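The hints should help you fit chain B onto chain A, whose structure is shown.
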Amino acid sequence: MKKKFTALPIFLVLALCAQLGPMAESFASPIKLPKRIISLSPSATEDLFAIGAGPQVIAVDDYSNFPKNTPKTNLSGFNPNFEAIVKFRPDLVIIQSSASKSDAIVSQLKRLKIPVYVEHTPETVAQAYSEINDLGMLTGKISGAKNVIDKMKKQITTILTSGKINSQNKLFHELDNTLYSATSKTFVGKVYTDFGLTNIADAAATADDGGYPQLQNEYIIKSNPDYIFLTDGESLESVKSRPGWAGISAVVNQKVVILPEDIPSRWGPRIVDFYIAVAKALKK
Amino acid sequence: MKLSHKKKEHNDFPTVWRWEITVISALCLLFSALLAVSFGPIHLSFTSIVKTLLGIENSISTQDRTVLLYVRVPRVLLAALVGSALATSGAVYQSVFRNPLADPYLLGAAAGAGLGATIAFTSSTHNLTGILPIFAFAGATIAVLASFFISGRFFADPSSLVLSGIAVGSFATAIQTYLQQRHTAILRPVYSWILGELTAATWSIVAWSTFYISISFLVLRTISKRLDALMLSDEEAFSLGVNPRKLRIIAVVSATLLTATAVAASGLIGFVGIVVPHLVRGITHSSTNRALPSIALVGASFLVIADLGARTLVSPAELPIGVITAFVGAPFFLYVLRRKRMGHNSD
Numbered sequence: 002m003k004k005k006f007t008a009l010p011i012f013l014v015l016a017l018c019a020q021l022g023p024m025a026e027s028f029a030s031p032i033k034l035p036k037r038i039i040s041l042s043p044s045a046t047e048d049l050f051a052i053g054a055g056p057q058v059i060a061v062d063d064y065s066n067f068p069k070n071t072p073k074t075n076l077s078g079f080n081p082n083f084e085a086i087v088k089f090r091p092d093l094v095i096i097q098s099s100a101s102k103s104d105a106i107v108s109q110l111k112r113l114k115i116p117v118y119v120e121h122t123p124e125t126v127a128q129a130y131s132e133i134n135d136l137g138m139l140t141g142k143i144s145g146a147k148n149v150i151d152k153m154k155k156q157i158t159t160i161l162t163s164g165k166i167n168s169q170n171k172l173f174h175e176l177d178n179t180l181y182s183a184t185s186k187t188f189v190g191k192v193y194t195d196f197g198l199t200n201i202a203d204a205a206a207t208a209d210d211g212g213y214p215q216l217q218n219e220y221i222i223k224s225n226p227d228y229i230f231l232t233d234g235e236s237l238e239s240v241k242s243r244p245g246w247a248g249i250s251a252v253v254n255q256k257v258v259i260l261p262e263d264i265p266s267r268w269g270p271r272i273v274d275f276y277i278a279v280a281k282a283l284k285k
Numbered sequence: 534m535k536l537s538h539k540k541k542e543h544n545d546f547p548t549v550w551r552w553e554i555t556v557i558s559a560l561c562l563l564f565s566a567l568l569a570v571s572f573g574p575i576h577l578s579f580t581s582i583v584k585t586l587l588g589i590e591n592s593i594s595t596q597d598r599t600v601l602l603y604v605r606v607p608r609v610l611l612a613a614l615v616g617s618a619l620a621t622s623g624a625v626y627q628s629v630f631r632n633p634l635a636d637p638y639l640l641g642a643a644a645g646a647g648l649g650a651t652i653a654f655t656s657s658t659h660n661l662t663g664i665l666p667i668f669a670f671a672g673a674t675i676a677v678l679a680s681f682f683i684s685g686r687f688f689a690d691p692s693s694l695v696l697s698g699i700a701v702g703s704f705a706t707a708i709q710t711y712l713q714q715r716h717t718a719i720l721r722p723v724y725s726w727i728l729g730e731l732t733a734a735t736w737s738i739v740a741w742s743t744f745y746i747s748i749s750f751l752v753l754r755t756i757s758k759r760l761d762a763l764m765l766s767d768e769e770a771f772s773l774g775v776n777p778r779k780l781r782i783i784a785v786v787s788a789t790l791l792t793a794t795a796v797a798a799s800g801l802i803g804f805v806g807i808v809v810p811h812l813v814r815g816i817t818h819s820s821t822n823r824a825l826p827s828i829a830l831v832g833a834s835f836l837v838i839a840d841l842g843a844r845t846l847v848s849p850a851e852l853p854i855g856v857i858t859a860f861v862g863a864p865f866f867l868y869v870l871r872r873k874r875m876g877h878n879s880d
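In the order they appear, the protein sequences are chains A and B. Quick note: the first sequence uses my numbering, first residue 2, plus one each step. Quick note: the second sequence uses my numbering, first residue 534, plus one each step.
One or more hints might be untrue.
Claimed, not checked - Once the Cα atoms are required to be at most 30 Å apart in a straight line, the calculated DSS-like pairs of lysine-lysine come out as:
| hint | chain 1 | residue 1 | chain 2 | residue 2 |
| --- | --- | --- | --- | --- |
| 1 | B | K584 | A | K241 |
| 2 | A | K284 | A | K241 |
| 3 | B | K758 | A | K223 |
| 4 | A | K281 | A | K186 |
| 5 | A | K73 | A | K165 |
To be verified - Covered stretches of chain B (in silico footprint by chain A; criterion: 3 or more residues with CB under 8 Å from a CB of chain A, positions within the stretch not fixed):
| hint | stretch |
| --- | --- |
| 6 | 593-600 |
| 7 | 715-725 |
Claimed, not checked - What follows is a list of derived Cβ distance ranges for each label pair:
| hint | chain 1 | residue 1 | chain 2 | residue 2 | range |
| --- | --- | --- | --- | --- | --- |
| 8 | A | S99 | B | Y711 | 16 to 22 Å |
| 9 | A | S98 | B | L696 | 38 to 44 Å |
| 10 | B | A700 | A | S99 | 32 to 38 Å |
| 11 | B | S571 | A | N225 | 18 to 24 Å |
| 12 | A | D195 | B | T845 | 32 to 38 Å |
| 13 | A | E124 | B | R754 | 54 to 60 Å |
Calculated directly from the structure, the hints in this document are not laboratory data. Computed from a predicted model, the values in this text were never measured in an experiment. Virtual Cβ for every residue (Gly too), placed ideally from N, Cα, C.
Just chain A, with the same shape it has in the complex (with noise of 0.2 Å):
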C-alpha cells in the first residue's frame, strides 16, 4: 500500500492533499502538472495511457509494449540507467522498487529535483487501483483515473457473478517448463482466488515466501488439476506429451489454457483481460 513520492517540497497544493486522505503524509503533489513524464514500468504505462496522460509521457521501457503509440525507447526499467534517463529531462519519473539499485536512482533523481513515483509491485487489485489513482493525482488527470477504476470494478464485478464455479475445482498456473507456480498470495494466485478456485501450489506455500515455488512433478499429477493456466509457450499437445500428464483432469478435458502473454503480470486496466481469459476457460 505504501508509495513513495518525493517531489519538489516547496510547491504544495493543499487542496490535493487534503484528497489524498491517509496517504498524504508520504505525499506531496508538484503545482505543475508533469509534460515530461518517463514511466519505467510496463504496467505504469499502461495505467498512464488509459487514464489520458499519454500526451503527456515522452519515454517509456523496452518493455512497454502496450498501447502500440508508446514512445517506446531503449531505456531499461530493469536495471535503469540515471544518466540516460535525466538525458530525456523528465519532470516525472515512475520507477519500479524491484529495479535494481533503485534507491540509488530515486535519490540520485531527489538531488537534481526531479520527482520521482516508486511503483511497488501490487499483491492485490485493490492496490493496483490505488497506483492508478495515485498517478491520476500526479498527472492531473483524476476524473480518468476514477473513470478507468470504476469500469475495471464494475466489470469485473460482471465477470464475477456469472462466472464463479464450484470450489471443488482445481487449478495449476504454470510459470515455465520447470513447474515454477504461483500460490494465492500472489497477484496472479488471488485472481484465481476470487473464481473460487483452489490453487494446488498453495500447498508448497511454506517454501517460498514470495509466493513462487517450483512444484513436483509427481505432485502436480497427483493432485490432478482441472485447469492448468499456461504462460511459458507450452501448448495441450506439449503438456500431454509430459509423461504421466495425459492421465491428469484438465488435459483429459482440453481444459489447458494459453494465457495471452504479458496480461497475467501486467497488473494495469488489462487485468480485467485476465479476468475474461480466466473467465471464458472456466465456461468451456
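Chain B in isolation, oriented as in the chain A frame:
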C-alpha cells in the same frame, strides 16, 4: 625433497585393484537408488515398487505405474549418471592438472554451458526441452576447445591451460551477463538452470547421457593404469614409459565429454566433482586410477541422495539440487580433509 616425497607416496599406493571397495560402493548405490525410488508425493508401497520394477504383475494403478516408471525412475537414473560423470571428471582433472582443487568446470565448461543455455533461452521461449541440452553441450565443448587453442603451451605446461580456461570462462560469463541484462525475462529460467535441476528428467535424456558417459568411461578405463603417472613430473612419467602429453589430452577430452554431458542433462551441479574424489581417495587411501570405479559409484549415490533431499525436504515444492550438494558436501568435505590430515600427522 618434493620429488622423494611424491615417490614415497607413489610406492605407498596399493598395487592391486581394491574390489571390495568397488563392491561396497555398488551396493551403496543400489540401496540409495531403491530408497530414492520409494519416496515422492505419491505414496507407493515398497513391494509394489519392487514388483513393478522387476516387471511382475501387481495391483498398482496405471497412473502410479506411469509416475514410477516415467517420472521417478528416470530422475533417479539421471541423478546417478550425472553424479558419476561429475565425480569421475573431477578426479581426472585433479590428476591431469596435479591440483587437488581442480573441478569439472575448471576449463570454462560451466561458463560455456551457461552461455549456451542463456543463448537458447534468449533465442526462443518456446519448448526448450529439445534444444537446451544441445546448446549447453556445445557451449561447454567450445569453451574447453577455446581454452586448448588459446593456451598454445599446454603440451609443456598444464597450468597455462588452467589460466586460459579461467580467461575463457570469464569471457563467456561476461557475454552471458550481458544477454541476461538485455533480456530480463529469462533471468529466472537461467538462474534455475544454473542451480542445477533434474526436474526435466526423461528416458530420452537418460539414454543420450548414458551413451556419452559410457564412451568416456571406456576411454578412461583403458588409460586408467597410466593416469597416476600424470601426478609425477613429466620426466618421471617418461621414465615410467608414459607419454604424458598424449595421455593428458586423452584424459582431458574424455573428462570434458563427461562434464559437458552432465551439464547438458542437468545444469550446473557444484561440489560433487571435488568432494567425491577426495572422499573416496581419503577413505580408501588409494590413487586415482584404482579408485575411479568407486569414485563413479559414490558420485552416483551422492547425487541420488542429494536429489532425494531436493525432492522431499520442502515437498511438494523443490529445492535446487546445487543447494543440497554444497550444503551437505562442504562440511563433510572439511571433516574428511581434517581426518586425513590428522592421519598423516600420526604416521
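Here is what the structure says about each hint:
Using a Cα cut-off of 30 Å, the hinted pair K584/B and K241/A holds, with the two alpha carbons roughly 27 Å apart. Using a Cα cut-off of 30 Å, the hinted pair K284/A and K241/A holds, with the two alpha carbons roughly 21 Å apart. Between K758/B and K223/A the CA atoms are separated by roughly 49 Å; this puts the pair beyond 30 Å, and the hint is violated. For the suggested pair K281/A and K186/A, the alpha carbons sit about 23 Å apart, so the restraint of at most 30 Å is met.
Distance check on the hinted pair: K73/A and K165/A sit about 38 Å apart at the alpha-carbon level, beyond 30 Å; violated. Coverage of the stretch 593-600 of chain B by chain A holds [criterion: at least 3 residues with CB-CB distance below 8 Å; count 4]. Counting residues of the stretch 715-725 of chain B whose beta carbon lies closer than 8 Å to any beta carbon of chain A gives 4, which meets the minimum of three for the stated coverage. Restraint check, S99/A to Y711/B: a C-beta distance of roughly 21 Å satisfies the suggested window 16 to 22 Å.
For S98/A and L696/B, the Cβ-Cβ distance of about 42 Å falls inside the hinted range of 38 to 44 Å, so the restraint holds. Between A700/B and S99/A the Cβ separation comes to about 34 Å, which falls inside the hinted range of 32 to 38 Å. For the hinted restraint 18 to 24 Å between S571/B and N225/A, the CB-CB distance of approximately 22 Å keeps it satisfied. Between D195/A and T845/B the beta carbons are some 33 Å apart, a value that agrees with the proposed interval 32 to 38 Å.
Here the CB-CB span from E124/A to R754/B is close to 57 Å, well matched to the stated 54 to 60 Å.
The structure does not agree with the numbered hints 3 and 5 stated previously, though it agrees with the rest.
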